[in-house]
Amino acid sequence: MTEETTDLATRLRELAESPAPPMALDLDAAKRAGRRRRRFRVSAAAGGCAAVIVAASVVLPPLLDGPSPAPQASSPSDPARPPVPTAKTAAGANPMIAKAGFGWLPEVIRGVEYGVGAHGDYTLAIGDGQYPAMIWLAVYDKEPPADRLGEMGGEAVKVPTKVGDRDGYWVTVNPADPLNGGDSYLRWRTGDGRWAELNAYYLDIPDVRQTLLRVAEGVTVGDYPVPLPLRISGLPGGFHLADGLLSRRPSQDGVPWTMQLFYTVNGANVVIDVRPEGGGAPDGRGEPVCTTENSLRACVRIDRPNAADLGSIGGAQGLLDRITLLGPDERDWTTTVIG
Amino acid sequence: MPPMRTGRGRDAEFTEYVTARAPWLRQVAYLLCGDWHRADDLVQTGVTKLYTNWHRASTAWNLDGYARKTVVNTFLAEQRTAWRRLVDLRHSQEELVARESDHDAVLDLRAALGELPPRQRATVVLRYFCDLPVAEVARTLDCSAGTVKSQTAHAIETLRARLRSEPIGTPEG
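If you read the sequences in order, they're chains V and B.
The letter at position 112 of the first sequence is residue 111 when you use numbering that gives the first Met the number 0, and the numbering goes up by one with no holes.
The letter at position 139 of the second sequence is residue 138 when you use numbering that gives the first Met the number 0, and the numbering goes up by one with no holes.
If you're looking for bench data, these hints aren't it; they were derived computationally from the structure.
Values in this document were obtained by computation on a predicted structure and should not be read as measured data.
Where hints are given, some of them may not hold.
Footprint (simulated), chain V over chain B, 3 or more residues, beta carbon under 8 Å [to be verified]:
1) 21 to 30
2) 39 to 46
FRET-style restraints, in silico, Cβ to Cβ [said to hold, decoys possible]:
3) V/G266 - B/R159: 34 to 44 Å
4) B/C142 - V/G326: 47 to 57 Å
5) V/P304 - B/A160: 34 to 44 Å
6) B/K148 - V/G279: 31 to 41 Å
7) B/T146 - V/R12: 19 to 29 Å
8) V/E16 - B/D141: 21 to 31 Å
9) B/P22 - V/T291: 33 to 43 Å
10) B/G145 - V/E16: 29 to 39 Å
11) V/D25 - B/S149: 35 to 45 Å
12) V/D222 - B/P22: 43 to 53 Å
Glycine included, every Cβ here is placed at the ideal spot set by N, Cα and C.
Work the whole structure out from these sequences, hints included.
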């Protein structure tokens, strides 16, 4: 190095070591997102063998009954059970369509998350705490490779089992431990000839094996629109859904749930964010325009308003005016979101 | 955490590595983008990619190089996407406090780096902060050694002009 570049190196080190705010790195979030990406990538690479990630038929509170043969709509008068997504909606009326449903879930599960779109479709039955119990459910058109995620170092083996009266198997690196050291995979052939998979971890409960078999028995396959907490009277042409998320991470951010719909419009990004009132503000680029109604807060944010060109509907405020918030009671949410 | 393979398991290995190396990755990211919060986002994204590919990364002969390349590529890719950033506008009080305590010279260099095109900035950071040889920078940026040399020359020229009042290498002025 010359003297000049040596000095540059010194200055770069000084700059790198200059005072900084506390680091904001969320390792668990990275792992969760990484798992989603792997699932999406592997399923996309399966050549049309789409990973059809499934819906839970029931959200909070978890069902403690026996497994149900299909998602059952609950009576509106039953306060213990939110309604179940059973009916198909008109094409485009719901941006979040799950492809199958959980039935029975163990008590440790506190809710179900959904994600659809460019970053992968998923449904996750989740507990709470720093390492919440997680049960992922996916459906494949074809039987996936034993080590679908390529992380068992060529040691994956199948241990046969039965899910009800259907043939299935555990995937593990140790035949003596079908639960694979707590990162458990259970697969079985569904009634329509496809393959379903549960992947569970952080499951700190008695008899995990029987619990997962019982969860598997309750799984049903079908298209189920996910009830959402808003109704949009209509979206202008050119809106394309990039991602949709319904998250439930109260132990991380203190917010019971958040729902976000990410749209692209003329190359700009439009985000509709709904969460309980007092649940904080959504992050992101663009000044949010917000409203509060029925104890929920909705915000619309556009990163580049000129490019979005929503003047004909009144911009972000105009879009917000098209939104009706349905309140925090999930029994009041709708599967007919748009239109 | 669930052991994924043998030994300590995938998650434990990943957590151990990132916990140890995240501060260094953050410094690299900060020099690339000039903003601590965005640096955190770059590291978060880079670490997520690292986890996604951990089965391959963890067997790389140069894991630091793999991680560094992931962060650099994330930075360069974000220069080209309209999606940057729907979630990075977290300008907070901590940032203001940090800025107030910056030295003038440090601010000058940060501003000068900010005027460089992204690939030139990456070249400077990799060459002079990470102390990588030209060939390794070329591998990281997927370009030729000649390109690295020319990018470096252009960058140094720009920095020299931008910092003319305090020339690089002549502290006495």
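Quick rundown of the hints versus the structure:
For the region 21 to 30 of chain B, the stated coverage by chain V is satisfied: 7 residues place a CB nearer than 8 Å to a CB of that chain, which reaches the threshold of 3. Residues of the region 39 to 46 of chain B lying with their CB closer than 8 Å to a CB of chain V number 4, which satisfies the three-residue condition for coverage. Separation of V/G266 from B/R159 is about 38 Å and conforms to the stated range, judged on CB atoms against 34 to 44 Å. A hinted range of 47 to 57 Å for the beta carbons of B/C142 and V/G326 is consistent with their spacing of about 55 Å.
One distance hint, 34 to 44 Å for the beta-carbon pair V/P304 and B/A160, holds here, with the actual separation near 36 Å. For B/K148 and V/G279, the hinted distance range of 31 to 41 Å is not satisfied, since their beta carbons lie about 49 Å from each other. Under the hint 19 to 29 Å, the C-beta atoms of B/T146 and V/R12, about 25 Å apart, fit the expected range. Between V/E16 and B/D141 the beta carbon distance is about 29 Å. The supplied range of 21 to 31 Å therefore holds.
Evaluation of the 33 to 43 Å hint for B/P22 and V/T291 yields a pass: the beta carbon distance comes to about 40 Å. Look at B/G145 against V/E16: about 32 Å separates their beta carbons, and that is inside 29 to 39 Å. Between V/D25 and B/S149, the C-beta spacing of about 39 Å keeps the proposed range 35 to 45 Å intact. V/D222 and B/P22 have their C-beta atoms about 46 Å apart, which keeps the hinted 43 to 53 Å range intact.
The structure fails to meet hint 6 from the earlier list, while all remaining hints are met.
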